[in-house]
Each structure stands twice: as C-alpha cells, then as structure tokens.
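Novice: Each chain, letter by letter, is given below.
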Amino acid sequence: MTDRRPKVVGFCCERHGMDAAVLAARSGRQYDASVRVIQVPCSGRVDGLHILKAFEDGADAVFVIGCLEKNCYYDTGSIEGRKRVEYVKGMLAELGIEKERVEMFNAASTNAWAFPEAASKMVEVAKRLGPLDMGGDTR
Amino acid sequence: MIVAKRKPMNEIAEMVAPYKNITVIGCRSCVAICLAGGEKEVKMAASALKVKNRKEHRDQQFETLVVERQCEKEWVKEVEDKILGADVVLSMACSLGAQTIADMYPEKTVFPGLNTGFLGVPEEQGVWSEKCVGCGDCIIHLTGGICPVARCAKSMMNGPCGGSSNGHCEVNLDIECAWYAIHERLKLQKRLDLIEKVMPPKDWSTGHYGGRRTYVREDARLKQHQKKGKEAVQ
Amino acid sequence: MKAGSNLEKVFDQGLFAVTAEIGPPQSANPEPLTHHAKMLKGYADAFNLTDNQTAVVRLSSIASAFIIMREGVEPVIQMTCRDRNRIALQSDLLGAAALGVKNVLCLTGDHQIFGNEKGAKNVFDFDSITELSVFNQLRTEGKQVGGQVIKDPPKVYLGCAENPFATPYEWRGARLAKKVAAGADFVQTQAIFDMGMFEKWMDDVRARGLDKKVHILAGVLPMKTAGAARYMKNKVPGMIVPDHIIDRMKKASDPKEEGIKLCVEQIEVLKTMKGVHGVHIMAVAWEDIVPRIAKEAGLLPRPSFK
Amino acid sequence: MSSGRIQVVICRCCTESPKLLDIAKLEAAANDAELVMSVKVVDEICDGKAVVDVAREAAEKEIDRAVVLACHKRDVSPALLKAYRRAGIDRSMVEFVNVREEVVLPHVDDPEGAQKKAETKLKAALGRVTMLVPLLTETEEMRTKNVVIIGAGVAGMAAAEAAARAGAHTVIIEKSSRSVKAPGILMSNTRLVATKGTPGNYELTIMAGEKTEELECAAVVVATGGGWNSLKGPLAKASKDAVPLYKLSEMLQAGHAPKGPVVIVDTPDPTGKSLKVMDFAWDEALMTAIDVKKKHPQTEVFMLFQEMRAFGLSEITYKEAAELGIRFVRYDRTGVPKVDPKDPTKMTVTDLAQGELLSVRLGTLAFAAIPANPDNRDIADALRIPMTAEGGLRRGGIQRWPVATPRPGIFVCGSAVFPKSADAARAEGEAAGSMAAAYASKGTVEYGGSVAQVAQEKCSACLTCIRTCPYEAPYIGTANKVEIRRQLCQGCGICAGICPSKAIELLHYTDDQIQQETRTMLGGDF
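Residue numbers (this note's numbering), protein chains in the order written: chain P, 1 to 139; chain C, 1 to 234; chain V, 1 to 306; chain G, 1 to 526.
Do not rely on the hints blindly, as some may be mistaken.
[What the hints assert, rightly or not] Lysine-lysine pairs mimicking DSS-like chemistry, simulated, CA-CA at most 30 Å apart:
#, chain 1, residue 1, chain 2, residue 2
1, C, Lys-187, V, Lys-233
2, G, Lys-442, G, Lys-73
3, G, Lys-232, G, Lys-338
4, P, Lys-121, G, Lys-73
5, C, Lys-50, P, Lys-99
6, C, Lys-197, V, Lys-212
7, G, Lys-458, C, Lys-131
The set of hints was computed from the structure by calculation and includes no laboratory data. Keep in mind it's a predicted model, so treat the numbers as computed, not measured.
Given these sequences and hints, build the entire structure.
Specialist: Spelled out as structure tokens, the structure:
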C-alpha cells in the first residue's frame, strides 16, 4: 500500500500554460504519468474549492499553472489564480496539512521547461510527503 | 454591514470532531458579501474538513447549504429538515444567524464557524473596517460624518489624544487617527467651531451598556388576530 | 485658593514651579516609594504618581500618594479614564481628597495595547477633558455627573497634560483651550526637544490668552543614550526629537553627562519663555538624577510654605 | 441525467500513438461505454477522407456529440468541425482530448501508465461530453467602419495611414490645434471624455473645443505619445529658457543657434518628487549634444545626470561626445542641480567626479526625461483600460498581439505604452492601425460561446465580480442583481472562481464539469 504512486492534479490554463505543456511534449520532455492535467480557460477560473475537492477525491498534491503575471492572456487571471492557491494553502496549514501540497506556477508559452518542471516538482513533493491519507501520524 | 471572518479551520475541526453528521449553513447576506460565509466559503470549509478526514481516516458526513438571511426564522425554517437531520449544525453566518438557529431548535447543538467582528464597510475589495459600534445615539453630525466612538481607539469625544502621530493612531500606525480626520474634515467645511466646545459626558445607556436592547415599531407589529397558526396561540 | 496645595501656592506667588515623577513599583512593596520620597524631598514642589503608566499594572497611584505623603512630600495623582467609569472616577476622587491628596492630573490614559494586560477591556467612559469638567463641577458645585449634589465636595487642584507635538499641530492650542474651559488649573506638557515647535505652540497659546488662565509646566526628559533619543523619535507616537539632538547624543563621549547638560540647557531656555510657569522633569526610571538637574538648572532652593 | 448519442474518434496521429498505446484496448473501452453509438479509429483525422468517413457515420447514427482523441485542439483540422456542423453537431459539442501531447509524448518510458491514463482521459471526456450544452454565439452588426485614432503624433499618423489604406474610415482626434495632413477626418482641439457601448460599436463622447459630441466607431487606436510637454519640476520652473529635449533638437534642425552654454539635465525634477518619469532619452540627448557642438563649436555643452545609460553602440556616441569636449557631470541626490533664484542664468551642482560645487552659466536648459503623458489617466479612464505603474497605458497579454489592450477593438501604440524612438512608434502605429482596420472591416462582432452566466437567485449583488473582472463584463442589472454583458465577456472565468455566492458559472467550465473531470482522472490507477 505504501508504494502507491502519488496522484498529482495540475489545473492548467488553456493559454500560456497549455501552450507551454504542448511545447514541452513536442520537445520530448518527460514527466510522471501520475500527473493529471485538468484544462481550464484561465488560472483565474480555478476556485479554491476545485483544489480542495481534488484533495478530497484522492489527490496528494495539486498545482495550478497559468500565464506569467505580467503577460496573462486574460490580463489579471494568473494573479487571481495565485491568490486562490494562497488561500487554500492557509486553510490546509490551519488543519495541519502540509501547505507545500499545493502550488502555483507561471509559464510563458515558449518555456518548454516550465510545465515538466512544475509537474516533476509536485510529484517529488507528493513522494516526499507521502500519500495524503498515509501521512496521518498526527492524529 | 456585519463584518465577520472564518474561524481558523483547526478550531472548527476541533468543534465538530465528535460528530458524524454535520450540516454547514451559510448566509447570502452580509457574510457572503464580506467573503466569509457565502456558498463558496461553506463548501470550501466542508471540503477542507473532508480533506483532513481523508488524511486521518475519519468518517463524517457533511451537508452544505445556504439561506438567504440566517437571522430570520422564516428563511431558516426552509431548511429545517437539514437542521433536524444533523448531529450538529455549523453556522457560517454571523453570530445572529447561529443564534437564530440555536433559539429555534433548542435541542440542537449549533457551532459558530465565523467570528463576528463589527459593523463596517468595505474600503476596497478584501478590506473591511469598523465604522460604528451601535451606541444608539449618533453624533456624527457634530464630527464631520466620522464616528469618534467607533473609529478612535479610546472613543474620545473631545479631540485627538497626544498619541496622534502624523495623522495616525498610536495604537496602530496603519490606522488613521479619527480625530485628526475629523479635524481635517471640519476644517474643509469651515465648521471647526463644532469641536471647540467641551462635549458633555456621553450617555452610554442608549448603547449596549444599558442592557440588551429591543426596538419596537408598534405600527409594524402584527396584532394578535393578524397572526396565523401556532403563533396566534402563543 | 482652590485646594491649598503646595503647587498651587507656588503658582500663586508667581514663582517658577518644578514638578517631577515617581513611578510606583510593580509590587506591593512600599519601600521604593519611601526611598524616592526621601531622596527627592525638597527638589520639586510636587511629584506625579503615575496611574498604571503605559497600561502596566502597578501599585495604585492613590495608595502611592498616601505613602509619599507620610514622608512629607506632596503628590500629584494621575487619574486615567482607561480603567474607571464615572462611578469609580468620582468615588476615587472623593477617596483621594479624603486622604489629603490635593493635586489631581486628569488623563485619558495610554491604550492597554501598550501594556502587560493587552486583553483587558478598557472603559473610556470619559476622555481627559470630560473628566476635567466633571471633576471641576464636583469641586465647585458639589454636583455629580448624574446631577446629585453632595455635601463636602473634594478640594482639589486640577491639572491635565497636553502634547504640542501630536497631530493636528494647528489644533493643539484649541485643545488646550478646551481643557482650560473644562477647568484645568495647570498643565504639564509632553517632553520638549524641538524648542522651535514648542515656541510656535506657545505663540498660539499666548494668542488665545491661555497663559493667563492656566499654569504651564513645560516637560523635559533627561536621556541617558543616543539610542533612547532615536527610540523616542521613531517609536513613540506624538514625540518629536530633532536630528541635531540625536547627533549631539551620538557624538558625546559621555552620553549620560550630555543628556543632563542638554536637559539643563532646555530648562534655562524654558525659564525665559513667556507664559511658561514651571518645568516638569520626567526622569523615567532615573529619578535620582532630579536633584542634580534641579540644582544645575538653578531651580533650588524650592520655596516652602507654612 | 446522462443523455446524448456519442461518437468517439480515436486518431492514431500519424502512427505515433500506437507506438506507446494499445489502440484496440482504447477502442474497446469506448465501445463498452454508455451512450457511445459510434467508435471510429482513423490514421489521421486531418486527412479529408477520414473526416468524410467520420461525419458520414455521425450523420447515419444521429450522433449529437463527439469525443475526439487526437492532438491539441488547435492543431486538429478545422475541416472536422465543419463536417460535424454539416452533420448537425455544433462545435461546442465536440470534446477534444490531446492524447498525443498530454499522454504519448511526455510518458514514452511508461507505456503502462500512459495506457491507463489515456483510458481514464477517455472516461473523463465521456463524462464531460454528456454535460455539454450547445453554446450560443450571437452576432451584432457594426454600425460604422470608423476607426478613431487618439493623437496626431508620429504613431497616430502612422496608424491613420495604415487604417485608411486598409479601407477604414479614420477620425483623428488631437487635443492641440496642430494641423497635419492626414487621411480621413482630423479633429483638432478635441479630447476624449467618455466611452459607452460594446466592442465594435463604441460610442465615444468627445469635447471638440467647447462642444460635446458623440462619435460612434468600431475600433479605437490610442496614440497619445509621451508627456514631452508636461515638464514639471523645480528646474523647469526656475528657468524661462528651459525646453524639452525635442524642442532643442527641432531648433537645431531649423538652423537656429541655441543660446549658450547649453545644459542638458536628465530630469527637471532631480529629487523625484513631482514627476513620474517613464524613461530617459539618453541616445537622443547625446546626439543632440553632438549636434550642438558640431554646428556651434564655440558653444559650451554640459550634460548633468545621475545615471547615464549609454550602452551597446551608444558607447561610441558617448565617446564621440566626450572627444568633442562635451562636459559630463554626474551628480546624486545629495547635490542636485539648482538654479540660483536671484540669478536665473546661474546653475550649481555638486560634481561627484571632482567632488566640488560646480557653477555653470545657463544659456539653454534641456531635459532628457520622458515623463508619462498626463492625459493617459483621462484616456485610460474614459476607455476603461488599465495603466502601468509609470503612467503609461497597459497592453494586454502578448498572445493577444502586442498592440492590443485587454478590451477588444481598442489598440494602443507608440510612447503611450512606454517611450520609444520615432521609428518604433511609427511601426507600432502601423500595426495598431492595420489591426484596428481589420477589426472594423469585419462588419460584425461575434460574441457568446463559453461566457459567464449568472444564477440571479443566488446572487448577493456583492460587487466582487464587478470589481475583479478585467473586462467590466458584469454589471448590476435592472433586478439589482449581476448580469453579464456577453459582448464584453472574454470567457476567462475569473468571476466564477471568485463569486462568494457561487452564483456565476462559466459555460463549459462549470464547477460540476471541472470537479467531475478531476474526480474521474483521480479514479484511475496510474
């Protein structure tokens, strides 16, 4: 049971985020298959609730990836996205859950490394912290 | 409006820990507007508790719902079955909402999910500030539309204390000195004479200190024979 | 004669008055008070006993006053509005007067956030000006806030504090006028470092004719280090310490001596200022320096009255 | 509640997918799924024959929605969507799954994981496609072909010419009385006051002289330029011979001799108290100084600066200037240049290199600072577009083109954004003019699609969405609840994500859709 692969959800904006992911794939960059990409139009669409629900439904780490804050397709969307992530971090921390399990990333469409790097970082975090339901020694 | 903020999640988790079926009820009025207890916050609180339960292998059922105004019996009544069906109610309204439910269903345990803060206004998105303490005897016509009772840390009535520093309050330098603001406002209006007289001692009995207050409008009250059903009998 | 206190007599004779401070201890031990009273006796006309200053719990000011009076030293009790409502304030005034206290300084009080009981519920039923007006009515008409008239009203000499260095500066004179209208007999100012600014405030005070109606005791504060000066400039709201003073303290080979010298110089200037009727020496936690300052500033000997 | 007749198309993506995935298993999974009426496996969905084949079967089996497992949806041939449309399936009812770039290419070493992932993605897409509703798009006729250009400077003129060439009716509004030869209409002494309307049909309120007028237009180009004329600050006030740098340059070009000595200072506000500076025209300053020196070798020239930014090839210019005897004086805030109030021809400054107070006779005083145009604030306010911290107008994301603002149909160019050379401003003006003309020439605006929708019974009218939306799409409607101006909504969903009452949904990205997709994806074991 303990060697269960961690599950990571990545909410990815349809603009720079997804373009970066596609470019990464075409450049042959690899990341763990356990990363589940959920496409959203903009990281500002992500609601803290979506992140929490992902944890509820079995995710061990969640990330949001959007455009660069100064070059967001939807102007201020990725700034909003970051705020949602920060709020969830606060809630998790209050409950004694590692806030590192959720992160915000920004990418430009030309950054082939951005998406795989974010994905790998979160897989690593999930592995290091262990599955959410196995790390419950604090009970 | 009434400004509130969510209690830290760990406090909420601790309160509801012994219970199995929890109904979380929000409110679409003030607390939704101050981003503390609307549908989103209700769902997020429940979800966060479920995430914690997943981590700790605890099993709890959450029902989430929102009523239009939790401080009014009729609105609460609409979700009565969900209240009666729960082991405990977590109210994500202001304390008025929580108390309304608690008073209506005395056998039910009701927990507050929010800390009710103050009567205030949104200064900008995400920033709320206190502007009234409900003293029951408004004097802002004498103070340039700025309430010294609520906005001065010492509720001073005769001008700024010696801690007014560059127009800021000594208690918290991020906050403006209410009396400095009053002075500037009245100067602008050329009405500084208003604060030159010594104010008589304020009568606090119109406020909370006079005991719990009830305001009655006899012309609005329903007469005995206007009431329906059970209410008419009481 | 309103109360017949030593301080009142000094003013009545047109003499330059001196007051200083004694901070009550954070314990039930009266010894430090007795010690300071003995040491300072004869170096000032009256001594302020602070009322839980900066909201730190201390031996009460009225009890402290009683203790130093046993040593033949005259107290000025400070009474803040932070911890007492109108019932307690009036009651304590009657009690203090009955014990023989003759000088009362009315203050709003520091907010509890600065003290060691931050969770305290404050009162602030009054502010200092309302307190003055209520006490004034009580002593002159024997009438309480609520209207009841009492026999044997308290005979007290009423003082207040004023800070010329708090904002809005232009209204500080008007605020003193309110205090005078409310019944203040004397006023002690916040510690003065910026003489120019104080002079400007005095101009306003004189223009309003207040110097004729109230006795002004200019506050001075001897400093031990440059750090203290910087701290007051940066951290104490409503305190203005010009850079040249900080510089002077910084450059001094013996900052303590420099601090004393500076204080004495300030008193010399204040003595010549029209409308200033005395000085209030705030030697916070440095009470034993008061005799030396009084001596070097030529304030001795203090008059005595039979 | 599940309904619909689904077709699943599995593309081998030019034989790339089968290298890693078991296509037969995917096909079987599709066939086993509920509501799936047709499964087509094709080698290349971009191939015309495949499209025809897929569409024919869709029509035959009365398919109403489809899941296409292929590559990135932008890369899939538009012919497929056209064929589907003919078969009665709206484009909004087609769900694309990017198996190639999200599964095959990034997981080449993990065929087992990739297979499970692809199958789960198929499952998630099948779940999503049953929740899709046809999206409405509406069109609105543009009432005019007008392109309004604000500013008749270098960028504005270039924009007007480009737009006119592309067939737009151009109207230039210029605040000064400047008269230029321009295509279309030139309205001088005219300012923009307010804007109403929606993209493609903007209604501008302008002040022509003392008269308020309404002006309809399809698109707007903002070319307000830098704030050359807004020289504020103690130095500009201290000397009556103070001019902005370009004036000095014009004077030289016109053959006039400047009164010597010439002093060029970086900014008229050396302590930085009253003037927001966007940039400094160092290159131009150096060139102008050289020009003075070459034309009038006897004239003394001083350049006073806190930081000289002459990098790259400008080094050569700098060197040339030094060799010509132009005196460079570096100062800082401890000894800023001052004009003697008693003698306005005397300037003093502390020369950091020499460490001494330098006294200079003032003939002509010029400044290299390029302040933000103070008009930008009014323009941004009238057009409801954002600004930069330096006081320029802010562009939208680069993906939306470099001269576009976040508001459709409103373009910005030249020094209104940040200072640039005349060449760059001209090029940007041309780009903005062409874009605006292209936008206006469409004749109609299409809107709708995946836009926000308000459940008014849930709305608390808290104004959060109105304050947060970058496009001002939400507004308080007649029922005192929020409504969405569909013409302005860009479909980002920021409002849906922030609404505290969960009253706003973004069509096709509803909470349910996002959460169900997440849940399905997490259900798979890979």
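Novice: Please list, smallest to largest, the hint numbers that this structure does not respect.
Specialist: none
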